[in-house]
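Protein chains: 2
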Amino acid sequence: MTAELLNGREIAKDYRADLAAEVEKLKEAGTTPNLTVVIAGDDGASLSYVRSKNKAAEKIGMTSEIVQLDGTVTEQEVLDIIARLNDDDTVNGILVQVPLPSQVSEEKVLEAIAPDKDVDGFHPINIGRLYTGQETFAPCTPLGIMELLKHTGPLEGKDVAVIGRSHIVGQPVAKLLTDQNATVTLMHSRTRNMTDKLKDYDVIVSAVGQPGLITGEHLKEGAIVIDVGNSVVDGKLVGDVDFDSASETASYITPVPGGVGPLTITMVLNNTLIAAKRQNQSK
Amino acid sequence: MTAELLNGREIAKDYRADLAAEVEKLKEAGTTPNLTVVIAGDDGASLSYVRSKNKAAEKIGMTSEIVQLDGTVTEQEVLDIIARLNDDDTVNGILVQVPLPSQVSEEKVLEAIAPDKDVDGFHPINIGRLYTGQETFAPCTPLGIMELLKHTGPLEGKDVAVIGRSHIVGQPVAKLLTDQNATVTLMHSRTRNMTDKLKDYDVIVSAVGQPGLITGEHLKEGAIVIDVGNSVVDGKLVGDVDFDSASETASYITPVPGGVGPLTITMVLNNTLIAAKRQNQSK
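Sequences listed follow chains A and B, in order.
So for the first sequence, UniProt numbering puts the first residue at 1; every next one is plus one.
So for the second sequence, UniProt numbering puts the first residue at 1; every next one is plus one.
Since the hints were derived computationally from the structure, they do not count as laboratory data.
Some clues are possibly wrong.
One copy or any two copies: either way a pair holds, since identical chains are not told apart in the list.
DSBU-like mimics (lysine-lysine), calculated; alpha carbons at most 30 Å apart, straight line [what the hints assert, rightly or not]:
#1 Lys150 <-> Lys197
#2 Lys220 <-> Lys197
#3 Lys197 <-> Lys55
Excised from the complex, chain A in its bound form:
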């Protein structure tokens, strides 16, 4: 079997075209969705990631601001800015780029964001609402993974291995997969004989950050492989999966880069659109 490529860039492009059309409708009705990103310090990689979200928002017709703070900012200053953005009706979605400088508590700042503007879905009350099936914002990488999987057929009854138990990716994607009636096994660094077990699974979602962790010989024939790994080797971005060998066995596979990444940003935009609509309704 030679796997079909799950081209994240193309899937994201189509999705964003639909979003742009919806943004246009909202604008005609008098609302321009706005995404505001807060960043502290001058880490180059973070800054470039923030700018790419910003540009992506503008490209589909939203407005987007970056609030750039000095690395010496105090916790109270960050909290004051969040409070101001919470109160500002022209701001629909708020992102805080992590990590924050060490003098600022990430926990406090994330809890300070108004839950209805928390388009990253990191506020504990939004995480809780995700697990109780209430209206919420789910986190964006898991949403992006689910979007890619829509292109591979129904998940009901499939056996899925999610590797990596972070509360940003592994755990929430396990929840979203379970909601689609998949049967999910959540694997991690302490899982016994992990790679030997993978042959039992129809879908593998790997979010570890360990290049070469999974090769073709670990996979069931026809498995669907979603690679959320994100490591830099010799200056090149690589995932957890040995793409060449895995492609021989898998039915679908994501490349790295150009797989999950573009969908993550797309889901930030989608959450911002949803936020704008909800805030409009509750006016």
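Got chain A sorted already, so can you dock chain B onto it with the hints?
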């Protein structure tokens, strides 16, 4: 193999003796922990369950009140009572017995409970904090299951099947098991060939409510079986597991009744004690 019985009543008795000693110390320091339970309507089973929590709290030296409301109570009346209990410094833990009458939104009432008095662990922010590893109250049946499993050896590296994906039992116990480095598969009604798969698992936690779902022939030799099922057949309380056949194969097994149930109530008491201590510290 003939399984060792995980006797919930005895384990709970020992645990409650320790709690009573801690309550005594708190009382000497001037605080008597209080658990207040709100119930609406006159469902006999609910009322008897509420009374048993109430009695259990008093037995270990706590004070405990039942706020009994008429089945015709309005949502606002319930919310007003919750607000009063939130403000009352002598109340450390608040439970609301569900289901509530249909005119009262369970979601609204559970979100109205002050998170630091939410000893059931049902407030979305407490669920979110559970998933992000922050200070919280975990729900009591999952905590009770974990307490039983402490009597069976370390969970690290074990493969666990949790059957049933409710946000009260299956999902949070999967999270607590993952925190103990077990590898958890969350199964449910749409899982393909479920009982055939169970032979791969070292621990089975079944929370379905389907008598006879699991028999000895489904189990791996030496499996640990936690039966959270709770069905009434011919006037008798029964679990999901055929106890007699499963006992031949399992290494440990819980009876129904007398397995998980007594630990659930014990964990309500433990959460109330923790609530009293935390509220004392923040005074």
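*Which of the numbered hints above does this structure break?*
Hint 3 contradicted; others consistent.
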